[in-house]
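There are 2 protein chains.
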Amino acid sequence: MKMHAFTIENIPLVKEGDDIASIICERTDIEDNDIIVIASTIVSKAEGRMFRLEDIIAGENAERIAAKLGLDPRFVQAVLNRSHEVLVEFPILLVETDNGHVCIKAGIDDSNVDNGYLIDLPTDPDRSARKIGESIEERTGKNISVIVTDTNGRAFKIGQTGIAVGVYQIHPIKNWKGQKDLFGNTLEITEEAIADEMAGAANLLMGEGDGGYPVVILRGLEFRSEDGSIKEMYRSEREDIIKKGLRCLSKV
Amino acid sequence: MKMHAFTIENIPLVKEGDDIASIICERTDIEDNDIIVIASTIVSKAEGRMFRLEDIIAGENAERIAAKLGLDPRFVQAVLNRSHEVLVEFPILLVETDNGHVCIKAGIDDSNVDNGYLIDLPTDPDRSARKIGESIEERTGKNISVIVTDTNGRAFKIGQTGIAVGVYQIHPIKNWKGQKDLFGNTLEITEEAIADEMAGAANLLMGEGDGGYPVVILRGLEFRSEDGSIKEMYRSEREDIIKKGLRCLSKV
Chain C
1 MKMHAFTIEN
11 IPLVKEGDDI
21 ASIICERTDI
31 EDNDIIVIAS
41 TIVSKAEGRM
51 FRLEDIIAGE
61 NAERIAAKLG
71 LDPRFVQAVL
81 NRSHEVLVEF
91 PILLVETDNG
101 HVCIKAGIDD
111 SNVDNGYLID
121 LPTDPDRSAR
131 KIGESIEERT
141 GKNISVIVTD
151 TNGRAFKIGQ
161 TGIAVGVYQI
171 HPIKNWKGQK
181 DLFGNTLEIT
191 EEAIADEMAG
201 AANLLMGEGD
211 GGYPVVILRG
221 LEFRSEDGSI
231 KEMYRSERED
241 IIKKGLRCLS
251 KV
Chain Y
1 MKMHAFTIEN
11 IPLVKEGDDI
21 ASIICERTDI
31 EDNDIIVIAS
41 TIVSKAEGRM
51 FRLEDIIAGE
61 NAERIAAKLG
71 LDPRFVQAVL
81 NRSHEVLVEF
91 PILLVETDNG
101 HVCIKAGIDD
111 SNVDNGYLID
121 LPTDPDRSAR
131 KIGESIEERT
141 GKNISVIVTD
151 TNGRAFKIGQ
161 TGIAVGVYQI
171 HPIKNWKGQK
181 DLFGNTLEIT
191 EEAIADEMAG
201 AANLLMGEGD
211 GGYPVVILRG
221 LEFRSEDGSI
231 KEMYRSERED
241 IIKKGLRCLS
251 KV
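Taken in order, these protein sequences are the chains called C and Y.
So for the first sequence, my numbering puts the first residue at 1; every next one is plus one.
So for the second sequence, my numbering puts the first residue at 1; every next one is plus one.
Keep in mind that a hint or two might mislead.
[Said to hold, decoys possible] Only pairs whose alpha carbons sit at most 20 Å apart, straight line, appear in this in silico SDA-like list of lysine to any residue: (1) Y/K244 x C/I104; (2) C/K251 x Y/C248; (3) Y/K243 x C/P91; (4) Y/K243 x C/I158; (5) C/K243 x Y/E96; (6) Y/K68 x Y/L80; (7) Y/K231 x C/K251; (8) C/K105 x C/D72; (9) Y/K243 x C/E239.
[Unchecked claim] One-sided excerpt, in silico: chain Y residues whose CB lies under 7 Å from chain C: (10) A5; (11) F6; (12) G70; (13) T161; (14) I173; (15) R235; (16) K244.
[Said to hold, decoys possible] Label pairs and their calculated CB-CB ranges: (17) C/E63 x Y/K251: 30 to 36 Å; (18) Y/N175 x C/E85: 27 to 33 Å; (19) C/D72 x Y/K251: 32 to 38 Å.
Rather than coming from a laboratory, the hints here were simulated on the basis of the structure.
Computed from a prediction, not measured in an experiment: that's the story for all the values here.
Heads up, the beta-carbon is just placed ideally off N, CA and C, and yes, glycines get one too.
Construct the entire structure; sequences and hints are all you get.
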């Protein structure tokens with residue numbers, strides 16, 4: 001098996017209203033089963049998902065948390081506005097967003113902006129992936145998948161990896177349940193988080209800072225499906241022992 | 001930027017004493033800066049890191065935990081023997097191994113074995129990576145990196161991904177600190193967990209069960225370094241809020 005991964009060159013600085021599908025199709029050929037990996041930053045910019053701190057009024061809770069962290073209270077208010085639950089206030093502001101995604105500072109990006117604007121995650125990343133994917137398919141006649149990505153930290157280990165926040169025509173989890181291993185033993189339930197693995201693979205080429213390449217194509221794999229949603233990846237409440245631990249800590 | 005990833009074909013069932021470097025070099029060319037990604041399972045098999053439950057006597061603690069989980073107490077004893085700390089007993093047996101690695105059941109693999117043997121992680125995966133890497137370099141005259149991998153679950157999300165457990169000549173974390181973003185703003189400390197992203201990328205091709213390809217080459221990247229250790233990736237105690245949460249839970 002093989003996979004070829006490559007960046008799309010010369011993507012301009014994206015601004016509100018830009019047609020990302022068009023930008024992509026003008027710069028590369030597309031093949032069936034291609035997985036188009038797109039950094040959420042440019043999706044948000046095209047969708048106008050930017051805001052300024054001066055438009056936010058911080059409440060008491062935001063002031064209290066901001067004081068602990070040394071952050072601007074208006075920024076903390078922005079995080080709270082997007083969060084279903086705060087799991088950790090200090091030393092990191094870890095929340096579960098309204099989308100069910102657990103991340104630091106609700107995924108708000110305060111880099112790569114100009115004029116004091118901050119960038120939100122897209123409101124509905126699956127929908128964003130679908131709109132771009134359908135447009136690419138219409139222009140090219142090919143059947144493809146799209147993964148919208150962010151970079152997140154993780155428990156127990158230093159560092160961030162690329163992760164999937166929205167998908168189009170790919171299941172984020174590949175289910176190996178019931179298959180046999182090399183010796184005929186039935187595999188335990190094994191669920192491979194392929195969308196996150198693809199996001200990480202793409203992030204190796206995307207870079208950060210000055211050298212950013214926000215679109216990467218993964219070619220040669222066969223994981224495309226007729227549907228798929230990022231929601232397949234989030235744990236149900238009853239299963240999530242880590243969340244229970246963090247809530248325990250916030251009570252003491 | 002681009003990356004080409006491919007599996008090594010026709011790797012035989014590995015047994016104790018097999019020379020993995022030799023098996024690899026006989027089946028593929030090697031180029032400078034190649035990253036050879038190797039599933040820990042075959043490293044462990046070659047190193048003889050297998051054991052049988054009938055050789056283990058379960059203590060009281062193992063009996064108690066095994067009863068909660070419906071597991072064989074001897075298996076739980078094997079996990080405890082390899083663990084520095086038990087973070088969660090139920091519903092998952094999550095431990096920190098003596099190596100500092102946090103994973104379920106100390107990474108003991110009870111699939112892909114025959115004759116009732118279970119497979120341990122290698123005792124020192126960095127060392128395993130180095131021995132194989134140095135041997136490949138000696139045979140080929142090329143300068144390469146090696147990553148030894150396992151698959152692990154993660155907090156907050158369903159599914160497992162390929163992750164790095166040992167490295168040779170690559171830093172598991174790439175540090176983007178102090179660089180500028182596209183607008184000249186200084187980036188916050190950004191540490192990219194490239195070894196885990198590579199492990200995930202390789203895992204997309206490795207497969208599970210019957211179709212396993214335990215060695216993948218990632219070609220076209222430039223991340224090789226003169227040194228590197230998996231230890232660079234593990235959080236210090238004082239930083240680890242998730243561990244604190246889990247310990248809190250075990251007290252109530």
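Status of the hints after comparison with the structure:
A distance of roughly 17 Å separates the Cα atoms of Y/K244 and C/I104; the hinted pair therefore holds under the 20 Å criterion. Between C/K251 and Y/C248, the direct Cα distance comes to roughly 10 Å. Compliance with the 20 Å bound is thereby established for this hinted pair. At roughly 13 Å between alpha-carbon atoms, Y/K243 and C/P91 fall within 20 Å of each other, so this suggested pair holds. Between Y/K243 and C/I158 the CA atoms are separated by roughly 13 Å; this keeps the pair inside 20 Å, and the hint holds.
Taking the CA atoms of C/K243 and Y/E96, the gap is near 18 Å; set against the 20 Å cutoff, the hint holds. A hinted pair counts as satisfied when its Cα atoms are at most 20 Å apart, and Y/K68 with Y/L80 qualifies at roughly 15 Å. Distance check on the hinted pair: Y/K231 and C/K251 sit about 32 Å apart at the alpha-carbon level, beyond 20 Å; violated. With a CA separation close to 12 Å, the supplied pair C/K105 and C/D72 stays within the 20 Å bound.
Pair hint Y/K243 plus C/E239 holds up; C-alpha atoms about 17 Å apart against a cutoff of 20 Å. Using the Cβ-Cβ criterion of 7 Å, the hint placing Y/A5 at the interface with chain C is satisfied: the shortest such distance is roughly 4 Å. For Y/F6, the interface hint holds, the least distance from its beta-carbon to any beta-carbon of chain C being 4 Å, beneath 7 Å. With 7 Å as the threshold, the beta carbon of Y/G70 stays out of range of chain C, its nearest partner Cβ sitting at about 13 Å, so the hint is violated.
The beta carbon of Y/T161 is positioned within 7 Å of a beta carbon in chain C (closest approach about 5 Å), and the interface hint is therefore held. For Y/I173, the suggested interface contact is upheld, since its CB lies about 5 Å from the closest CB of chain C, less than 7 Å. Because the closest C-beta pair between Y/R235 and chain C is about 6 Å apart, less than 7 Å, the hint holds. Interface restraint check: Y/K244 against chain C, minimum CB-CB distance 6 Å, threshold 7 Å, status holds.
Checked against the given bound of 30 to 36 Å, the beta carbons of C/E63 and Y/K251, roughly 31 Å apart, stay inside it. Taking the beta carbon of each, Y/N175 and C/E85 are about 31 Å apart, inside 27 to 33 Å as hinted. For the hinted restraint 32 to 38 Å between C/D72 and Y/K251, the CB-CB distance of approximately 35 Å keeps it satisfied.
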